[in-house]
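Residue numbers (this note's numbering), protein chains in the order written: chain A, 73 to 187; chain B, 15 to 124.
Any given hint could be a false lead.
Claimed, not checked - Just so you have them, the derived chain B footprint on chain A, three or more residues with Cβ under 8 Å:
no.	stretch
1	100–113
2	133–146
3	151–158
Unchecked claim - From chain B, some residues computed to sit far from chain A (all C-beta separations above 12 Å):
no.	residue
4	M24
5	P58
6	T116
It is worth saying that the hints were derived from the structure and are not from the lab.
Glycine residues also receive a C-beta, built at the ideal position from the N, C-alpha and C atoms.
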Amino acid sequence: DVKVTQSSRYLVKRTGEKVFLECVQDMDHENMFWYRQDPGLGLRLIYFSYDVKMKEKGDIPEGYSVSREKKERFSLILESASTNQTSMYLCASSFTGQGTYNEQFFGPGTRLTVL
Amino acid sequence: DAKTTQPTSMDCAEGRAANLPCNHSTISGNEYVYWYRQIHSQGPQYIIHGLKNNETNEMASLIITEDRKSSTLILPHATLRDTAVYYCIVSYFGNEKLTFGTGTRLTIIP
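Excised from the complex, chain B in its bound form (with noise of 0.2 Å):
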């Protein structure tokens, strides 16, 4: 599976769009990009998934550059609820060993 590269920690104010980027440039063709989350003393919780065109459910938006090198989630109107860790995860559809790595450790600030 291509590796990601995550920033360690990024602050969003309440109320505003919180934008969590992540590069993959070693995606191959056919590898999709997963999101989740972990939120203190919990598992990890699944956000959303996508292999180029941009994708948007009740959770989150995914944008993925046109080239895939890229992507940032977005929560549009962050809460203190979105306080947690966000992984960002490349590999093959149906590929059910995923490798997580440190993620991004998003704090929303009141």
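Bound-form chain A, shown alone (with noise of 0.2 Å):
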């Protein structure tokens, strides 16, 4: 079975801290998503990653970015949290397939509260 694991899945963090939000997938795949979920607007693309220490902006970029050094690992940083940044965290990963469709798998999601 493949598997997303995403290091906690609830944290409390204090306004202007650095946070990190990690995503381990076990199954080879080339690309790793962020994603935050936010009542009323569904699921928000913050950053993606098709290869190691490639990275390509998502929908909503503003106030993170990422770090993909091993293939199975995408970090997710918040330079200075703030409260606006209270939010559901899910991380995705799938293949770079030729010819048939790559589902993206999805992590548990990370309940980050910023106060």
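Starting from the two chains in their separate frames, assemble the complex, guided by the hints.
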């Protein structure tokens, strides 16, 4: 079974803190994604990565950065957390295949609260 | 990617077929329709996708109208475990960036 794990289910941080959210997948997927999910807004893509050290901005990258030093690991970084970054953060991964649809597999999410 | 419109919420009796509609009137010729669902406290899970032909797998069936402006996801015998938010997404095949809207909250009633 594909497994996407996230470092914490719940996290509480203070405004101005640097926050790291970690995601690990065990299926050798090329692509990895970070989304945030807010009531009434659905899932919104923050960043994604299609290879080690490669990244591309999603729809809402402001206030976030990412790091992908190893294929299996994708980190989301909040350089200086703010209260409007309180949200559920979801990580996903997928293959880059040829000819067939490669579904995204999601982790369980990290609920981040910034006080 | 084309925009989709889904009802905010729906109920369905347990054991009946759940039919979830999705409008995508601006879909282009080579855009696919994808469905995911998100059960409470979990990440989304892929269900099915299609281009223009009807598709069926072990989870659901997807019916796409001939003009491709709308589609329906069918769960043939809904169970309580099918209670979830269902997302209809339109995107080009191979486009890794999916735009999830707010979906339809389906509640299966015992």
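### Violated hints, by number in ascending order, as checked against the structure
2, 3, 5 and 6
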